[in-house]
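Participant: Each chain, written out:
10 protein chains.
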Amino acid sequence: MLIGVPAILSPDLLKVLMEMGHGDEIVLADGNFPSASHARRLIRCDGHGIPELLDAILKLFPLDTYVLRPAALMQVVPGDTVETPIWDRYADIIRSRTGRTDPFDPIERFAFYDKAKQAYAIVATGEQALYANVILKKGVISE
Amino acid sequence: MLIGVPAILSPDLLKVLMEMGHGDEIVLADGNFPSASHARRLIRCDGHGIPELLDAILKLFPLDTYVLRPAALMQVVPGDTVETPIWDRYADIIRSRTGRTDPFDPIERFAFYDKAKQAYAIVATGEQALYANVILKKGVISE
Amino acid sequence: MLIGVPAILSPDLLKVLMEMGHGDEIVLADGNFPSASHARRLIRCDGHGIPELLDAILKLFPLDTYVLRPAALMQVVPGDTVETPIWDRYADIIRSRTGRTDPFDPIERFAFYDKAKQAYAIVATGEQALYANVILKKGVISE
Amino acid sequence: MLIGVPAILSPDLLKVLMEMGHGDEIVLADGNFPSASHARRLIRCDGHGIPELLDAILKLFPLDTYVLRPAALMQVVPGDTVETPIWDRYADIIRSRTGRTDPFDPIERFAFYDKAKQAYAIVATGEQALYANVILKKGVISE
Amino acid sequence: MLIGVPAILSPDLLKVLMEMGHGDEIVLADGNFPSASHARRLIRCDGHGIPELLDAILKLFPLDTYVLRPAALMQVVPGDTVETPIWDRYADIIRSRTGRTDPFDPIERFAFYDKAKQAYAIVATGEQALYANVILKKGVISE
Amino acid sequence: MLIGVPAILSPDLLKVLMEMGHGDEIVLADGNFPSASHARRLIRCDGHGIPELLDAILKLFPLDTYVLRPAALMQVVPGDTVETPIWDRYADIIRSRTGRTDPFDPIERFAFYDKAKQAYAIVATGEQALYANVILKKGVISE
Amino acid sequence: MLIGVPAILSPDLLKVLMEMGHGDEIVLADGNFPSASHARRLIRCDGHGIPELLDAILKLFPLDTYVLRPAALMQVVPGDTVETPIWDRYADIIRSRTGRTDPFDPIERFAFYDKAKQAYAIVATGEQALYANVILKKGVISE
Amino acid sequence: MLIGVPAILSPDLLKVLMEMGHGDEIVLADGNFPSASHARRLIRCDGHGIPELLDAILKLFPLDTYVLRPAALMQVVPGDTVETPIWDRYADIIRSRTGRTDPFDPIERFAFYDKAKQAYAIVATGEQALYANVILKKGVISE
Amino acid sequence: MLIGVPAILSPDLLKVLMEMGHGDEIVLADGNFPSASHARRLIRCDGHGIPELLDAILKLFPLDTYVLRPAALMQVVPGDTVETPIWDRYADIIRSRTGRTDPFDPIERFAFYDKAKQAYAIVATGEQALYANVILKKGVISE
Amino acid sequence: MLIGVPAILSPDLLKVLMEMGHGDEIVLADGNFPSASHARRLIRCDGHGIPELLDAILKLFPLDTYVLRPAALMQVVPGDTVETPIWDRYADIIRSRTGRTDPFDPIERFAFYDKAKQAYAIVATGEQALYANVILKKGVISE
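Protein chains in written order, with full-length UniProt numbering: chain A, 1 to 143; chain B, 1 to 143; chain C, 1 to 143; chain D, 1 to 143; chain E, 1 to 143; chain F, 1 to 143; chain G, 1 to 143; chain H, 1 to 143; chain I, 1 to 143; chain J, 1 to 143.
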């Protein structure tokens, strides 16, 4: 543990967040996402929900300001009547940490899988909510 | 994730619990324990408390019935007036999962460090309570 | 060994089952299947039959409910008059563990080989029956 | 699988048996033995009993004829009233495969652990019987 | 060394033969074949001729009975007047070990190289005869 | 780079700082220290001075409050008349970051080498000042 | 450290510079460049600016004299009004070290990313200036 | 060192020469050739010239007699007026070691680079002469 | 294969022989010697006898002339009436290759095992003769 | 190759020289020294003499000025009448590069072997002269 670094972040996750550069992407994947089969680099956070991780990550990790929508979500499959209340929690966290509103880029399901395969890393969480996977694009840091 | 396996347990932790045999020991270490420098095998569970992990582990992991006190705690250093309420939570969890009472073997601080170095694995948790480290000795399974 | 985990499952097999996510596939391959040359990840279970392994795996591993037929079998080659009584045993085990009937997706022989190459893992068993290979697709776990 | 090689033997186990030379020892450990923490080389045979493995191994593996008792067993701890009927099965298998009778060297429990640590390999079986661990010393082959 | 296993077979070669399944192929390559540059898995048997190895391998390794010609040879290049007496020795060994006659599938030179690259393993022997390379296709074992 | 993390810290150094626990030690070694031959884990920071690194590290890394002097320096060898003005800079940085004064434990030269060998990591800097090596002992973090 | 070798160069960076041959390219990437995701070989120089590194590298590393413009820069994106004063510093350093003027080959942004992926190595610096990435092509050394 | 083996050949180079088979190629690359970025296997011979290495290699390594020109050279680029006296030295060495004259296959520059990428190994020498790279094709050995 | 290098020597064995220096020792171990458990480096030569290997090795490998008896043999155990005719073959080969007579240093059995453990490498042969193990000490080469 | 770095130094050797710190030692070993069996890190420079390497190394590598005799030689064994003219060449090179005279610390033969085992690296050269091994102790660099 370190001063000012949320304890939920493992050393490996912090290292990966730090290695990423402008435009690199990271997937926060729910507990049923096929993370191990899709990841170039796999970081396990079993037992944790995505909102807690998202909040901790955004304390340190800037979202890309060069794109309009730096957070990708998986579109609800047409015909599916499921609700996605966790998206509102994500929106609140992102607004609170970055001041940005309307940050989401909805991606068709199979395009989302392809995007996940190209990401720098996938974080395998224990999140139980539906349609909870989110891909974050890293922004620029100017000291 | 698997049916009936607590989601807080990572695949690596489950594998280690499963590989252990009668008499092997595992350390549940708090967030400030020097886990990485003492561990033969290191399993990270950043951000989780020990009570949740202990409860999940004991659902699958038998304590040794060949010894009187299968759970080692670090003795409060003489002169230290700290309270250790987390021990009561551990006692409740162990009684609830195994039916055993009075399971604790108090170990002097430096002897505890030595014992941790000999353990099969150390689980690095994010537990914040004081004197929260505990070493479990695995028992026998008869199918 | 762990409480409630069938002893026939090795630590490596359990870890692989646990790492898999929704839609990932695993092959239970018979003793003559070219497992080592087709596997991305190879788990050896020499000397065990597939029915025992299937029953043990399905105790922990959910089949995909998003597809109609989550278990793929290799079609009998046209002209081949062989009987496949082991399929009935598989059907019984699947019905008993999951309540599902008619779970089988028959796949042409060479398409089956290609599908096996794409699977997350292949389990090399010692099964002696003919046309005994089966590919399972993992479902969702909601705690 | 190979012609004349019992299918219960994995490629790794066969390789280890073959690499061993005169006087090297191998442990057949029961399902609760702390195999992973004691082994120089670990071969997993989860789910198999020791008698089947012993019989398969002795089809290929000669016992040392330069010592009187090439098979070490763990002595029953003084005061323990347990029966060890599996020793009779081992005796039958050894007599049947090698013609030798009275092959057992009883070893005190902790000396047995030390001996296991020095062995060339430990085979982690799923054997459930008590006092079932056995250490075999390899003999000479003259083609 | 093991009882009944020809001493010419190394532990690594035996392991590879055992790992192979129905339809997998292995190349016995002569001393000048570019084995190291073509092999997925390379097994060295420097100093040994192919007939001795072929005889030892076929004691344990079944040829594929699902194809008419389970042993591939490199065709003599058109215009080359070389004799290939070693093929007769191979034919004798195969007939003696398997009862099969006329087992050879002649392959054009460059197609043979491509086939070798796809094989499960290449065994680099010290064979000096011309046109001595042979590719074996593994058959089924029913215990 | 991450928000709030000094850019002078590499991902590997941050990971090591984070993995360390209460009582673990890290060496900030000058450019002539034999770091590679003494380190259990080596982190290179070529071209950087120790004061900048010390200041950046102490932003995140707590010094041990359970000991009186958490920062070890190498004693000036008796008879050596060298000045060590860099120690004053270290004292200023430590006081500024932690509020502690008089934090230094002077260690005889060869005892210092031994202590460095036992440390969790050595950071190889490019510091040019004399007697500039310093060993930091990590403290406790309570979130 | 070595005599005459700038202390800012790490042993790994020097080794990479030395291994490169005529026509090989190396990227000096700023602190926000996605270095880890684009590099065949990654050398970290966190906390250092590119001008200092460029000057140190060119003391040892010859630019290619077979091409007109051995240093590639990323073109300012059309419409972007940013100034790039750091290019003048690069020009000064290159002229001072090599005598060459007008060394820059401007590359369109996405072509620059592709070129970086093909480079022998990427050096991840902490440079904060905009449009600061530069790719150097190695020249010939005649002793 | 070994009796009769030129001391200029390193153990790794000798091993590579020995592993190669009929038709495999090895590149002797000059000191400025981009060896590390083009090599499947890289053997370093820093500080040595190619003539000494060529002479030592040909003492042990047969050139291919199945092709007319077993040694490939890089063609002088059209318009380049450079002399290539080292080719005459190569011709002398090859004639002296193998009796062959006119052994050179001139290859266009970029085709030469592609050929080098396909070679079994590249030997990185310190040769300073121009157009000094040479690719050797291995021949057959009949004991 | 290489010109003048006996084809019985594998690339790995040749590399090991070449890496050895003055005073280093290599064990030629018979087929029942526990080579894998005693070797620092293990070279397998399954199926070959020691005399052929010894002759091939001594073509390249000088025996130490600084000691009187550069070849160690295992003494016949007192009371054992076995003959050791293979020693005469060794003596002939050594005399023929090196001109030396009476080269043998007899070593008590358990001292021989200890010496083998300290050797640079053990060559695991298929030699069937009794008391056939021999340890060679490498001499000096002056070009 | 790099500007100002002698071409006889390989990238690995330069990296090792650079990683060493004050007091670390490196062995320049002759062609018959048992380098591979004594080295913590082994750098091969086959075919090169020690004087050329020593001169190239001392261009970059400072000798320790804190000790009187920073270069250790192996004492001539009592009774041996051999001459050691190469020591004079070493003395000339050291005087020329460092200005120091009388730099040699003579070490008894077996103490020399022990010292070599403790060195940071051993450079295996092809030097043919007698008593040519030399151990250099690295000094301090102040930029």
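Note that these hints are calculated values from the structure, not bench results. Fair warning: there could be bad hints in the mix.
[Claimed, not checked] Here are the simulated BS3-like cross-link-like pairs (lysine-lysine), alpha carbons at most 25 Å apart as the crow flies:
no.: 1; chain 1: J; residue 1: Lys59; chain 2: I; residue 2: Lys117
no.: 2; chain 1: I; residue 1: Lys117; chain 2: J; residue 2: Lys117
no.: 3; chain 1: H; residue 1: Lys59; chain 2: G; residue 2: Lys117
no.: 4; chain 1: I; residue 1: Lys115; chain 2: D; residue 2: Lys117
no.: 5; chain 1: D; residue 1: Lys117; chain 2: I; residue 2: Lys117
no.: 6; chain 1: A; residue 1: Lys117; chain 2: G; residue 2: Lys117
no.: 7; chain 1: H; residue 1: Lys59; chain 2: G; residue 2: Lys115
no.: 8; chain 1: B; residue 1: Lys115; chain 2: F; residue 2: Lys59
no.: 9; chain 1: B; residue 1: Lys59; chain 2: C; residue 2: Lys59
no.: 10; chain 1: D; residue 1: Lys59; chain 2: E; residue 2: Lys117
no.: 11; chain 1: H; residue 1: Lys59; chain 2: I; residue 2: Lys117
no.: 12; chain 1: C; residue 1: Lys115; chain 2: E; residue 2: Lys59
no.: 13; chain 1: F; residue 1: Lys115; chain 2: B; residue 2: Lys117
no.: 14; chain 1: E; residue 1: Lys117; chain 2: C; residue 2: Lys115
no.: 15; chain 1: A; residue 1: Lys59; chain 2: F; residue 2: Lys115
no.: 16; chain 1: D; residue 1: Lys117; chain 2: B; residue 2: Lys115
no.: 17; chain 1: E; residue 1: Lys117; chain 2: H; residue 2: Lys115
no.: 18; chain 1: B; residue 1: Lys117; chain 2: D; residue 2: Lys117
no.: 19; chain 1: C; residue 1: Lys115; chain 2: A; residue 2: Lys117
no.: 20; chain 1: I; residue 1: Lys115; chain 2: J; residue 2: Lys59
no.: 21; chain 1: F; residue 1: Lys117; chain 2: J; residue 2: Lys117
no.: 22; chain 1: E; residue 1: Lys115; chain 2: H; residue 2: Lys59
no.: 23; chain 1: J; residue 1: Lys115; chain 2: F; residue 2: Lys117
[What the hints assert, rightly or not] One side of the interface only, derived from the structure: several residues of chain C facing chain D at Cβ under 8 Å:
no.: 24; residue: Gly4
no.: 25; residue: Ala7
no.: 26; residue: His38
no.: 27; residue: Arg40
no.: 28; residue: Leu42
no.: 29; residue: Gly47
no.: 30; residue: His48
Don't be surprised by glycine CBs; every beta carbon is placed ideally from N, CA and C.
Participant: Hints numbered earlier in the text: which of these fail when held up against the supplied structure?
Facilitator: 1, 3, 7, 8, 10, 11, 12, 15, 20, 22, 24, 26, 27, 28
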